[in-house]
Amino acid sequence: MDAATAIELRGLTRRYGYRTALDDLTLTVPAGATLVVFGPNGAGKSTLLRILATLLRPHAGTASILGEALPDRAWAVRGRIGLLTHDPLLYGDLSARENLRFHARLHGVPLGRVDELLAEVKLERRADEPVHTYSRGMLQRAAACRAVLHDPEILLLDEPRANLDPGAIALLEPLVGRESGRTRVVTSHDPAGGLAEADLVLGLREGKTAFLAPVAEVDAARVAELYAA
Amino acid sequence: MYSAKLRTLALATVITLTGAFVLAAYYAPIEADQGFSQKIFYVHVPMAIVALGGFVWGGIQGLLYLRTRDPKHDMRSYVAIHMSVILGIGVLVTGGIWARSAWGVWFEWREATLVSFLIVFLLYCTYQPLRFSITDPEKQSRYAAVFAVTAGTFVPLNFIAVRLANPFIHPRVLNNTTGGALPTDMKIPFYLALIGMTLLFVTLSRVEMTHKLTRGRVRGLERRLERLQGESDPAGLPARSAAPQVMA
Amino acid sequence: MTAAGPRPPRTTPTRTAVAALLRKELLLERRVPQVLPAMALFSVVTFVVFRFALDTTSVEGRTASGVLWVTLLFAAMLGAGRLFVADHEEGGIDALLLAPVDRTALLIAKAITFVAFLALVEVVAVPVFVVLLLEPGLSIADVGRLALVLLLADIGIAVIGTLFGALAIQTRARDLILPLMALPLLVPVVIMAAKATAPVLAVTGSGAPGGRYLAVLCLYDLVFGLLAYAVFDFLLDD
Chain L
1 MDAATAIELR GLTRRYGYRT ALDDLTLTVP AGATLVVFGP NGAGKSTLLR ILATLLRPHA
61 GTASILGEAL PDRAWAVRGR IGLLTHDPLL YGDLSARENL RFHARLHGVP LGRVDELLAE
121 VKLERRADEP VHTYSRGMLQ RAAACRAVLH DPEILLLDEP RANLDPGAIA LLEPLVGRES
181 GRTRVVTSHD PAGGLAEADL VLGLREGKTA FLAPVAEVDA ARVAELYAA
Chain U
1 MYSAKLRTLA LATVITLTGA FVLAAYYAPI EADQGFSQKI FYVHVPMAIV ALGGFVWGGI
61 QGLLYLRTRD PKHDMRSYVA IHMSVILGIG VLVTGGIWAR SAWGVWFEWR EATLVSFLIV
121 FLLYCTYQPL RFSITDPEKQ SRYAAVFAVT AGTFVPLNFI AVRLANPFIH PRVLNNTTGG
181 ALPTDMKIPF YLALIGMTLL FVTLSRVEMT HKLTRGRVRG LERRLERLQG ESDPAGLPAR
241 SAAPQVMA
Chain A
1 MTAAGPRPPR TTPTRTAVAA LLRKELLLER RVPQVLPAMA LFSVVTFVVF RFALDTTSVE
61 GRTASGVLWV TLLFAAMLGA GRLFVADHEE GGIDALLLAP VDRTALLIAK AITFVAFLAL
121 VEVVAVPVFV VLLLEPGLSI ADVGRLALVL LLADIGIAVI GTLFGALAIQ TRARDLILPL
181 MALPLLVPVV IMAAKATAPV LAVTGSGAPG GRYLAVLCLY DLVFGLLAYA VFDFLLDD
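Residue numbers (UniProt numbering), protein chains in the order written: chain L, 1 to 229; chain U, 1 to 248; chain A, 1 to 238.
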């Protein structure tokens with residue numbers, strides 16, 4: 001692989017007991033590109049993200065992220081990946097500022113960056129209230145701050161726009177959208193929206209690769225087929 | 001493919017154990033203080049030693065599993081602990097009978113070795129529930145291995161602690177400091193019984209492992225067959241189990 | 001190709017990570033005091049229960065030592081069950097795993113937190129015990145001796161509580177299974193601590209705790225401390 005390859009998977013497989021959650025997945029994502037992953041619930045999207053985030057180890061095949069082989073060199077890529085899922089990974093009883101400061105310390109990031117980010121997503125006004133009082137949109141904004149706090153090279157996003165109003169989506173764009181300039185792996189259930197931001201498209205069904213192609217070769221109908229079957 | 005080896009092993013076990021018990025009954029002298037009831041010693045003590053050895057062996061296999069992630073070590077750890085718990089019941093029952101005839105009580109708290117054994121036994125009783133309460137088979141193996149390693153370390157440490165706390169009255173059978181307190185005519189049946197009990201442990205472990213492997217393979221074949229027949233979710237989920245899952 | 005991305009891998013020193021985790025624990029417990037008050041209240045209630053269960057108004061010596069240690073041990077079980085709940089439910093463990101941090105930092109931080117919790121509970125529970133139940137009362141020298149035993153026992157309890165708290169949190173029957181595993185494992189601690197405490201609480205003039213009991217407590221702390229350090233990673237490694 002060359003330096004411009006961010007993610008390279010060869011025959012990646014992860015089982016859950018007898019069930020194969022992700023089966024023989026091979027793909028390459030160039031640095032700076034966006035891979036959008038479609039698939040019904042249980043297709044293996046979250047498993048893929050968790051493997052890429054080094055939270056799950058592959059059972060077969062190889063995964064290389066930023067040139068480092070997982071799981072042996074996982075420690076070398078931790079801190080260079082940002083993960084944003086349905087689970088905000090924030091303590092409900094702490095405020096957004098306290099949560100982010102905690103993460104900043106874990107990542108060795110200057111605390112000043114916390115305030116910058118909070119201002120950027122317009123959360124400063126309520127930054128000192130407990131996170132469990134936040135609306136869905138505010139929670140997702142705070143979680144996005146957490147995901148990009150350490151300026152990761154790779155972003156792993158699990159339906160980042162689900163249940164958000166347009167205002168919140170607009171605020172998130174500079175952090176986690178295309179314009180962030182990061183390599184991104186995004187899961188989505190929304191064919192039109194997903195294709196609009198993709199360079200590469202992966203369709204998963206029951207852990208298997210249904211299709212993997214540049215966005216130009218995939219249309220919304222093909223994505224919809226995934227869900228129809 | 002396993003049967004020939006297993007049969008030899010089973011035969012050796014039967015011969016050794018029978019020989020040991022015959023020797024213990026007819027050749028070994030009647031102990032002066034306790035009379036005939038002391039003969040239970042040839043069952044109780046080897047059983048206890050093998051059970052404790054099995055617990056520690058389970059810990060070693062757990063450690064190997066953590067290092068290699070090879071499911072066969074998890075299987076060995078599981079079977080060793082499972083067998084030792086079963087033997088442990090035997091140890092407590094025979095110990096109770098012996099204590100009853102020697103001291104007139106079913107359980108003797110001042111008896112450090114018996115107390116230690118009870119604590120260890122109670123600890124290992126949670127091994128199965130622990131495995132059962134973790135659904136993901138791989139996580140189950142890993143967590144069980146962590147438990148096995150910790151508990152295996154605990155076994156010797158616990159004996160030190162309990163012994164320190166009690167003035168012991170246990171008949172010391174393997175007192176190495178005085179060069180063996182046991183007379184030779186008791187020693188021979190005792191060591192033979194120990195070997196027999198170890199063989200019994202190995203045989204039973206082999207039987208259980210063979211059974212588990214075979215069942216796992218059969219299930220694997222069934223699933224493959226069903227997949228070939230085009231069923232999308234072959235055979236549904238297997239029943240939740242505390243035993244290691246064999247993938248085939 | 002050697003170095004991968006535009007940036008070299010960075011790691012946060014374990015000490016920094018432990019400090020961050022401890023700060024977070026402190027914040028959480030101050031913001032929503034849950035575990036500490038529960039443990040303290042539980043201890044006091046248990047003393048009252050013992051008053052009636054033993055049908056006695058005062059205890060001394062071995063009985064006093066036993067009452068104290070049973071109470072503290074069960075209070076500790078209560079705390080151990082809660083130790084990882086917030087992290088497990090709100091994803092703090094995943095967050096830690098995503099950070100360039102040695103995972104052992106979590107063990108160290110949680111064990112320190114747990115020792116601190118136990119110490120704080122004891123600061124409340126022991127005086128209450130002395131006032132409510134203890135017959136001879138305690139001299140200053142006794143307090144020092146008791147504190148030493150408490151500290152050594154707390155370390156052992158915290159190590160086991162943290163390791164098995166982390167283990168139990170991933171199981172479906174966690175509240176059931178944690179005390180079942182941890183109590184037998186902690187029997188040696190109870191034996192040593194109770195033996196060491198009994199002379200301190202005796203009505204017939206206090207005595208120093210036996211040195212060998214303290215030595216075994218130290219050995220226990222050391223062995224299980226190292227063991228927990230060695231195996232803790234595997235509980236987080238999916």
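Hints listed in this document are in silico derivations from the structure and should not be mistaken for laboratory results.
Treat each hint with caution, since some may be false.
Simulated restraints, written as ranges between beta carbons of each label pair [as the list claims (entries may be wrong)]: (1) L:G11 <-> U:D70: 18 to 26 Å; (2) L:D72 <-> U:A4: 35 to 43 Å; (3) A:A19 <-> U:T68: 30 to 38 Å; (4) A:L148 <-> U:G35: 30 to 38 Å.
This one's a predicted model, so the numbers in the text were calculated from it and none came from an experiment.
Using N, Cα and C, we set each Cβ at its ideal position, and we do this for glycine too.
Cross-check of the supplied hints:
no., hint, result
1, L:G11 <-> U:D70: 18 to 26 Å, "holds, 20 Å"
2, L:D72 <-> U:A4: 35 to 43 Å, "holds, 41 Å"
3, A:A19 <-> U:T68: 30 to 38 Å, "holds, 35 Å"
4, A:L148 <-> U:G35: 30 to 38 Å, "violated, 49 Å"
Going down the numbered hints, you'll see the structure goes against just number 4.
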